[in-house]
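J.: Using this note's numbering, the first residue of the sequence shown is number 218, and each one after it goes up by one.
Just so you know, these hints were derived from the structure itself, not from any lab. All C-beta atoms in this analysis are idealised placements derived from N, C-alpha and C, irrespective of residue type, glycine included. Among these hints, one or two may not hold up.
[Claimed, not checked] In silico PhoX-like pairs for lysine-lysine, Cα to Cα no more than 20 Å straight-line:
1. 750 <-> 694
2. 599 <-> 681
3. 418 <-> 373
4. 910 <-> 873
5. 355 <-> 418
6. 808 <-> 750
7. 436 <-> 373
[Said to hold, decoys possible] Pair by pair, the computed Cβ-Cβ distance ranges are:
8. 884 <-> 586: 38 to 46 Å
9. 589 <-> 899: 16 to 24 Å
10. 403 <-> 714: 47 to 55 Å
11. 603 <-> 286: 45 to 53 Å
12. 468 <-> 717: 44 to 52 Å
13. 404 <-> 506: 23 to 31 Å
14. 283 <-> 460: 43 to 51 Å
15. 260 <-> 694: 29 to 37 Å
16. 448 <-> 416: 20 to 28 Å
17. 899 <-> 243: 54 to 62 Å
18. 933 <-> 586: 29 to 37 Å
19. 708 <-> 874: 36 to 44 Å
20. 312 <-> 419: 20 to 28 Å
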Amino acid sequence: MAFRLSNVCVAVAVSMMLCSSVRAQSPVDEVDPTIGNVSILLEPTRPTAYLPNSMVRMYPMRKDALDDQIQYFPLTILSHRQPELFAVMPGEDTPATYDAEHATPYFYSTRFDESMIRTEFAPAHQAGYFRFSFPNGKAELQVRNLHAGSLQVMAKNAIAGEESVMGMAAYFYAETNEPVSVATTHENDGDHLTLSAPGAKVLDFRYGVSFISLDQAKKNLQREIPAWGLEHVKENARAQWNEALGRIVVEGGTPAQRRVFYTALYRCMERMINITEDGRYFSGYDHKVHEDARPFYVDNWLWDTFRAMEPLQTLLNPDMQADKIQSYVRMYQQGGIMPTFALTSGPAGIMNGNHAAPWIADAWSKGIRNFDLPVAYEGLRKRSLEQTMLPWRLGPKTVLDDFYSAHGYMPALQPGEKETVAEVASFEKRQPVPVTLENSTDDWSIAQLARVLHKPDDHALFMKRAANYRNLYRADKSLMWPKDDQDNWIEPMDAKFGGGLGGREYYDENNGWTYTWDVAHDYEGLFTLMGGKAKAQANLDQLFREPLDHSRYEFQAKFPDSTSMIGQFSMANEPSLNIPYIYDRLGAPWKTQKRIRIILDAYFRDDLQGIPGDEDGGGMSAFVVFSMMGIYPVTPGVPVYDVASPVFTKATIHLKNGKDFVIAAPASSHDNKYVQSIRWNGTALDHLWIEHKDVLNGGTLELTMGDVPNTSLGSQERSLPPASMEVDPSLFE
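Could you put together the complete structure from these sequences and hints?
T.: Have a look at this one:
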């Protein structure tokens, strides 16, 4: 008996130690950068090591995590996903098979199979630190240009380089901890250096990067990594990540769910990047170096990020959001266009829409004021009325834009009709339905800002344009449908499968069943078009049930961006993000709660294929962060959050104003996904949404959870969240 008791005591002690260890685990320890490193169909995520919003972003260059060879390690990348800048490779200049890979936000390491060379890396903001270990004592490092440029030897232990890419220049300055001999080879439009340190088993390589000059790259290195030592850089990066990720603390859930959550939050912190270097920055928008007391941010894909990622940053980092929007103001002043895709190299004509408008309107509605609104408005207005809305184009308006202004929709071509407008991109086509719908949302956002600026004529103009989506609703099909320039519906046309690759002749990457719901600024108007809320709810139910009518192979070959299907609903692309939350506006929030849990369980997992489609640098991940906490910002520009089904028993957001917003759902579990009752700071509510201003004041949202839906909660008309484009003006005061 004594023996058994002692064993019990030991077991209890060990158990307590393990529990203490779990509780002490830092947020960054929950992050797994390998989640999604094998794509469902298109782009994988990368196990990127970086600091939040920093210039240095490093990952091993390979196809995906199933590729057994690493080609090289880039010193950084210019914009999310590509292009990579400069290459380093220990040992021979050939691809190497690898193993023992370890990836965190603040540290990366791997070991090559044949040579047993070990590579370790830790990031700073504008600098990085590699350590290469050579068990055979023959330290050798390959450094080469990836684009047109040159490399040069600066000293016995220092090299530098520059290269031109996408109309701008990138620079680096690097030092080694050992003197090296250098062999130089000129290759194509660049250089290749082989650095050798015979007898050395470890070669440390620290470097700074710059978009201004070689001298500035050296200054960036000296400022950020002035001393040798990988551990110091690593621990500093770890501390910065813990501070950033620790803004949200979650309790409960499974270990896998916490990994999914914090990995998603980490991916939301990659962009935009701050490229200010000692008070100066190079702008790809006028190709000049500017001095500015405020930081200058670049690298944003607003088509992907305006729905969820930017609202998340508005909640977590309002001061940074003001700086980012002011950066957009600078871009407009420098280049004459308010960008949607604000790349490091300059504005890019990618996708469609004027999505800086909902982003800025959302920020303003949530109290962010520290930016030049009149100039921002000028740029948004100009982009809407004077510049083309054609997909994948930048430039002045065309005859199709004039048609849109006159008739309220982008016209489509009838089947077999040849394109006559030269400015239409040959691959991307006109995309008439999403162009009409998304610009309706954008113009609604501009209308709200016009009212703030006391421009009644502009407000009336843009509110009229905000209703343009109604021109493409086809009542007999209950779908958004393309029209030609004679106001005729396109026939024959298959809203599930028509329009060529990605549906681009009529839609864009998603089909008509998805785009029918892409009117976040006026769901009330959409419900009216559908014949009322009961009919709209039936239509929404059918979206999740409607068959493909084609083999999955055929469908994915036609719509590669629309993977992870539930009926006709695709979780793989950003226009779908709001759709499960529409039930809240139809008086059936329990259906939102059920759908969100199904989606999170099915498509966001802690494995190599744990992302349902292209992650898009935070675009998809922000959906996960919000949804797992149990709140979601459905309409940018309307400062409210829907309350859905928290995965965690408790989530605490440490706000920048020093207050805490807490979502407490102590009974939440896999089965207990339905909200039974809701209280805000102890007061019972009859609605499942909360205003942003209340969140900022801090407090506790208490949710009683159960395994059976409470179909009456949030079902009354008075309890529905705002859903009309005739929004209360006081929300923007």
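J.: Work down the list of hints and note, for each, if the structure agrees.
T.: Results of checking the hints against the structure:
no.	hint	verdict
1	750 <-> 694	17 Å, holds
2	599 <-> 681	17 Å, holds
3	418 <-> 373	18 Å, holds
4	910 <-> 873	13 Å, holds
5	355 <-> 418	7 Å, holds
6	808 <-> 750	14 Å, holds
7	436 <-> 373	19 Å, holds
8	884 <-> 586: 38 to 46 Å	40 Å, holds
9	589 <-> 899: 16 to 24 Å	41 Å, violated
10	403 <-> 714: 47 to 55 Å	52 Å, holds
11	603 <-> 286: 45 to 53 Å	50 Å, holds
12	468 <-> 717: 44 to 52 Å	49 Å, holds
13	404 <-> 506: 23 to 31 Å	30 Å, holds
14	283 <-> 460: 43 to 51 Å	34 Å, violated
15	260 <-> 694: 29 to 37 Å	33 Å, holds
16	448 <-> 416: 20 to 28 Å	24 Å, holds
17	899 <-> 243: 54 to 62 Å	32 Å, violated
18	933 <-> 586: 29 to 37 Å	35 Å, holds
19	708 <-> 874: 36 to 44 Å	56 Å, violated
20	312 <-> 419: 20 to 28 Å	23 Å, holds
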